[in-house]
Structure formats: structure tokens, C-alpha cells
Amino acid sequence: MADVILFHSVLGLRPIERHLAECLRACGHAVALPDLYQGAATDDLDEGFAIKARIGWGAICLKAREALASTPGDAVLAGISMGAGVVAEFWESRPLAAGVLLLHGLATVPANTRPGLPIQLHVADTDPLFPEPDVSAWQESAEAARADVQVFRYPNAGHYFSDPALSDYNATAAAQLWSRSLAFLT
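Numbering (the numbering used here), first residue to last: 1 to 186.
Check before you lean on any hint, since a few could be wrong.
[To be verified] EDC-like mimics (lysine to aspartate or glutamate), calculated; alpha carbons at most 20 Å apart, straight line:
(1) Lys63 with Asp3
(2) Lys63 with Asp35
(3) Lys63 with Glu92
(4) Lys63 with Glu89
Treat the hints as calculated values from the structure; they're not laboratory data.
Quantities reported herein were computed from a predicted structural model and do not represent experimental measurements.
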């Protein structure tokens, strides 16, 4: 079973992340779920960006760094939307990571990516935040690093389609994402 550190979205640490962490723990995984917003959370994207701006990217990354300090060096780095950006901040300094799991967001692939590193990306097919050209360019960079890359695009889904509390929710796509993510970690 895997050690996993999961970074939340711009909406903050919400029930969906807690539920995912509990499901992973029930499957035998050790999961760190840091609250990068110190308790602030919302279901509104604009409000989420306002919280992020108020806290500041530096403070968010400091909280992430503190959480990573007590996480094994081979822990899977996982991020949801903005959390993928947090993964990007630390991926290069975690060369022994067992894998990278990106949900609803991209993370820059560092030059020191280990050949064969398992990476899984899950994004909506028509995600306005991550359009097809960006996803294709990201996939090319991950493949150029010789990572073991899987990219899953989900049709008829909004940006954060795995969260039943949001209007983007798509039950079919969410079920596929969670099934694929669980298989990735096993």
C-alpha cells in the first residue's frame, strides 16, 4: 500500500477530500491531508480564489512544506486542481516519489523526473482551465521525461466533476476517476 500526500483545491479542505482520504485509508493507504487554508473553505470558485489571495501562495507552500516534512520521501504526490500546482512546487525536490496523481489540474514536469515514474492525470475533456492544447503539451513533456504517463479525459464533465457538492459534478466520470485513481495507488 502507498503513502499519499493529497493537496486540496482552491476551494479549501472540504468534505470531498476528507471522504477520499478516508476511502484510501480504508484500502490500507496512509494519507496525509494538510489543510493549506487553515480551516477556510467554500463551494464558490471566486471565493476560493479570494481565500488563496488572502493567504498567499508563499504561506500555502509553507504549510505544504511542513506537511511534506513528516511524509516519507517516496510518498505519492497527489493534488486536486490548485493542489496540482502545489505538487508542482515540490515534485523536483521529491525524486523518490512513488507516483504523481493529478486530479483536475496540471503540474509542471521537472527535469529530474525519474524515468518510469507512474503519473496519472484526470481532467475534463473541455475544461476551460486546462484546454486540450495545454493537456497535450503537458503529456508530451511527461513522455519526454520517460515517465509512465496515463492521461484520462472525461467528456460531458465540468472542471471539478468529481465533487457531488458542485454543479460540475458528473457521477459517471467521478466513478471512473476514483476507480482509476485507486487502481493507480494499488
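Take the C-alpha atoms of lysine 63 and aspartate 35, compute the straight-line distance between them, and say whether it is at most 20 Å.
-> holds, 8 Å
Between lysine 63 and glutamate 92, does the CA-CA distance stay at or below 20 Å?
-> Since the Cα atoms of lysine 63 and glutamate 92 sit roughly 17 Å apart, the hinted pair holds (cutoff 20 Å).
Are the Cα positions of lysine 63 and glutamate 89 separated by 20 Å at most?
-> Within the cut-off at roughly 12 Å; holds.
Holds or violated: lysine 63 to aspartate 3, with C-alpha atoms at most 20 Å apart = holds, 18 Å
Comparing the model with each earlier hint shows no violations; every hint is respected.
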